[in-house]
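Peer 1: Residue numbers (the numbering used here), protein chains in the order written: chain G, 1105 to 1352; chain Y, 1105 to 1352; chain Z, 1105 to 1352; chain W, 1105 to 1352.
Check each hint, because a few of them may be wrong.
[Said to hold, decoys possible] Some chain G residues judged to face chain Y by a derived CB distance under 7 Å, without partners named:
hint	residue
1	D1107
2	R1108
3	F1210
4	A1267
5	W1352
[To be verified] In silico negatives: residues of chain Y with every beta carbon more than 12 Å from chain G:
hint	residue
6	D1107
7	R1226
8	L1265
9	G1277
[To be verified] Restraint ranges, calculated between C-beta atoms of paired labels, are given here:
hint	chain 1	residue 1	chain 2	residue 2	range
10	Z	H1184	W	T1294	43 to 53 Å
11	W	S1149	Y	D1204	49 to 59 Å
12	Y	V1209	Z	K1212	53 to 63 Å
13	Y	H1184	Z	E1314	32 to 42 Å
14	Z	V1209	Y	A1295	55 to 65 Å
15	W	L1233	G	R1351	40 to 50 Å
Simulated from the structure, these hints should not be mistaken for laboratory data.
In this text the structure is predicted, and so the values were computed from the model without any measurement.
Quick reminder that beta carbons are idealized off the backbone N, C-alpha and C, glycines included.
Each chain, letter by letter, is given below.
Number of protein chains: 4
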Amino acid sequence: MADRRKATVAVVGAGDFIGAAIARKFAREGYTVFAGRRNADKLESLVAEIEAEGGVCMGRGLDARNEDEVSRFLGDADAHAPLEACIFNIGANVNFPLLDTTGRVFRKVWEMGCYSGFLVGREAARLMLPHGRGSIFFTGATASLRGGVGYAAFSSAKFGLRAVAQSMARELGPKNIHVAHLVIDAAVDTAWVRERIRRMAGEGAAGEPEPGQLMDPASVAETYWALHNQPADAWTFELDIRPYRERW
Amino acid sequence: MADRRKATVAVVGAGDFIGAAIARKFAREGYTVFAGRRNADKLESLVAEIEAEGGVCMGRGLDARNEDEVSRFLGDADAHAPLEACIFNIGANVNFPLLDTTGRVFRKVWEMGCYSGFLVGREAARLMLPHGRGSIFFTGATASLRGGVGYAAFSSAKFGLRAVAQSMARELGPKNIHVAHLVIDAAVDTAWVRERIRRMAGEGAAGEPEPGQLMDPASVAETYWALHNQPADAWTFELDIRPYRERW
Amino acid sequence: MADRRKATVAVVGAGDFIGAAIARKFAREGYTVFAGRRNADKLESLVAEIEAEGGVCMGRGLDARNEDEVSRFLGDADAHAPLEACIFNIGANVNFPLLDTTGRVFRKVWEMGCYSGFLVGREAARLMLPHGRGSIFFTGATASLRGGVGYAAFSSAKFGLRAVAQSMARELGPKNIHVAHLVIDAAVDTAWVRERIRRMAGEGAAGEPEPGQLMDPASVAETYWALHNQPADAWTFELDIRPYRERW
Amino acid sequence: MADRRKATVAVVGAGDFIGAAIARKFAREGYTVFAGRRNADKLESLVAEIEAEGGVCMGRGLDARNEDEVSRFLGDADAHAPLEACIFNIGANVNFPLLDTTGRVFRKVWEMGCYSGFLVGREAARLMLPHGRGSIFFTGATASLRGGVGYAAFSSAKFGLRAVAQSMARELGPKNIHVAHLVIDAAVDTAWVRERIRRMAGEGAAGEPEPGQLMDPASVAETYWALHNQPADAWTFELDIRPYRERW
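Looking at chain G on its own, in the form it has when it is part of the complex (with noise of 0.2 Å):
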């Protein structure tokens, strides 16, 4: 556990994966972290596991599609100690043959995917440019990038949270705010992407998933973490990330 710094990160989307990692890396490296999640009893055990550790987090019930409620959650992040890290990590993966996709789940995949991230993202730069430096990065994946079949609403999500990161980026980083945008391009390892492999393969023994097929959230964490590192004079703004044994 580095020293204490007098430091924030806000993790929008703390889920139990990379989300979650990226908050213990951040806390181990000395960060204050505010986690926030739509539903804050399921942040309990990670900021247990970060107060175990001698680590710091605040775990915080938010809709980030509510404007007001983003503004608070990261104000409070801010007035705790400068915010110099704002992660945005929500996904909403579904995948429906396009007659099936209702206008319904189109608009919600949105405010989830991309609507959230551009409310996360201008809010934390209203509060890093007094501060004259931060590090927004934003999650993308494969669907960020291609529009594959029955991903119209998941990919159309994607695709526009990479324009609000691109045009962040180009506005923000001459003034030393540091946006990146990562593609996720490969499965995480966790309990719901195994059960669905073993699914997939039926009721066969193969349905484990290979050595190198999936990622483990702490590996993701790593290169959060080298971004936010990375001096100015030498940022990245996109970023693939996938195992050794992907194919692509």
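Start from chain G and add chains Y, Z and W according to the hints.
Peer 2: What follows is chains Y, Z and W alone, placed relative to chain G:
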């Protein structure tokens, strides 16, 4: 004027420029045009013009963000004669500094530029699939590929629309429905654009566009027509269009 | 057969398929065709076919890696009648595991697929610039955009050719020369491709291509022709072409 | 200075700037550096500098267009201690109007910027495959993604190199060799760049680069190092690097 066909084209976002030029072109080729636009009154001159040439054009007030209206508009077209082509042409080009981009603006630009396109594409597909053929084309822009400064809202919507088009193309292509996305990478020659060039040039004499700087909407419409006529074994999903003088 | 024009088209890489189809199309539209190919003898049937339809086609042996030969070939075309279109269509699709890709192969594939294209484009430009107009089109492939396993040599040449096309388009566009790059993203229907499908399917009955899996070269040629006819205020630099059944 | 490792890094194109900075970084981390460059004499100061810090660096004259020289250079490195990283860093940034770009220049730029990269990557792979691990990184540029006016030769080589990197990454990734392509999208801070800025600014006072306009090579080298340290379940193939003030 070609012989009348038993076929309709729907143009959603039949504005004064590209949309109107596409409507004229298809009308000349014998299609019955269903032209939809927020304000039906503004379609009167287009309808009159097409009728004066011996064509047929139905002008309809249409809020394409409304599923029922979209469904009814396209359903009426298809009831009149088989819907063979559907062109989505609504844009919402706005530019605001990031901190001044309200959630309301971001959402509205998305509803006009992306969500409407999804609804129109999906409903057109629903009607065309039983016919076993059809063309669904989306009008894109430079902002479909690049999130420039101040374009968080507009480019996010345009990126999202492009994802919709890709996803639809991959699902509908094998069912003989041709989905395409046209990246219009320059200004079209309109009164509004000329006025803007004049204003940007100040009061000086240089306020005229240079030859080859602007596109005649009729020239652009030719490419929509060419795509519609591609044989099914050699379809284009995406192309760019710009005038020869454009820098890119 | 259209009326004879006082204009020539040069097709470099006038193979049996796309190149030949382009030659036929332009011949039918009244252009005198200069068809170049490594082995002049193999052009005899194309020349005979075009002449039987009332067209004019000069078949020439041409090693397009040789500056002097390229210069002479295009110069002869332009001396016959103004060179209005030049199509570069040489490929060299090979696939080898990386460690088996010799320097000699890598160089040869590049010379055929990229260096030749540069020479042809540059020499066509030299002749067209004094006329103040012309079209220079390059045939690309999936490998122009994606470096797949085993394609280090082929995709490297195709990526390189695309860069040449882009650079030329940006320099020559404002001088009214239309440069385009066509990404042919599927197999063209040829005896060789049918044979390969048969071999891959083994001896089984499934060795026939499915309908809509292959492209008729004549269908592809239509798009070259459509691009050549685009008005200068609405030019396309790049488009993809694939059959409706293709997965991408 | 980290403890000495039993491992070598090869830097091909160990120029005065990025290549030298990478060499220094890996040397500090305990790697023995094999630095190759056309003119071995020019490596003397780099070698001296690394040795003064307690590191080990072998400077070798190397024409990377020559298969035998490449093979020997990398073989010597691997014989010294296992070759764990190989960085290809040769550029050949030239700009000529299209008609002035000779075949000779086009070929030479390709040989330096693309063909050499292929040879280096392939020979590094040959040595690393038996070890079951390694990193092979290629230095790209803006011109790797965009063929600008006057860059037919340079961008063609850079596009081609990127294809090589992609193809290698897809073949070697599953064999635990990490291939990456780094798009350096700005000028690095060198005497030559400062001189060019001065000349472009004329004799005026504005001839100094603005803060944040140029990249310190040492900052760039940090990202090569971070990529080399990514865990195999979360590898990056491609990223961009630019200073915060850069417009893009």
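Peer 1: Compare the structure with each hint and give your call.
Peer 2: Hints, one by one, checked against the model:
1. D1107: Interface hint status for D1107 (chain G): violated (33 Å vs cutoff 7 Å).
2. R1108: 31 Å, violated
3. F1210: 5 Å, holds
4. A1267: Result: holds, 4 Å to nearest chain Y Cβ.
5. W1352: Hint violated; W1352 (chain G) Cβ to chain Y Cβ min 17 Å, cut 7 Å.
6. D1107: The claim stands: D1107 (chain Y) keeps its Cβ more than 12 Å from every Cβ of chain G (closest is about 33 Å).
7. R1226: 6 Å, violated
8. L1265: 7 Å, violated
9. G1277: Per Cβ check, G1277 (chain Y) is inside 12 Å of chain G; nearest 10 Å; violated.
10. Z:H1184 <-> W:T1294: 43 to 53 Å: Roughly 51 Å apart at Cβ, these two residues keep to the hinted range, so it holds.
11. W:S1149 <-> Y:D1204: 49 to 59 Å: 52 Å, holds
12. Y:V1209 <-> Z:K1212: 53 to 63 Å: Holds, since V1209 (chain Y) and K1212 (chain Z) (Cβ atoms, about 56 Å apart) stay within the stated range.
13. Y:H1184 <-> Z:E1314: 32 to 42 Å: Holds - the Cβ-Cβ distance for H1184 (chain Y) and E1314 (chain Z), about 35 Å, lies within 32 to 42 Å.
14. Z:V1209 <-> Y:A1295: 55 to 65 Å: Holds, since V1209 (chain Z) and A1295 (chain Y) (Cβ atoms, about 58 Å apart) stay within the stated range.
15. W:L1233 <-> G:R1351: 40 to 50 Å: 19 Å, violated
Against the hints set out earlier in the document, violations occur for numbers 1, 2, 5, 7, 8, 9, 15.
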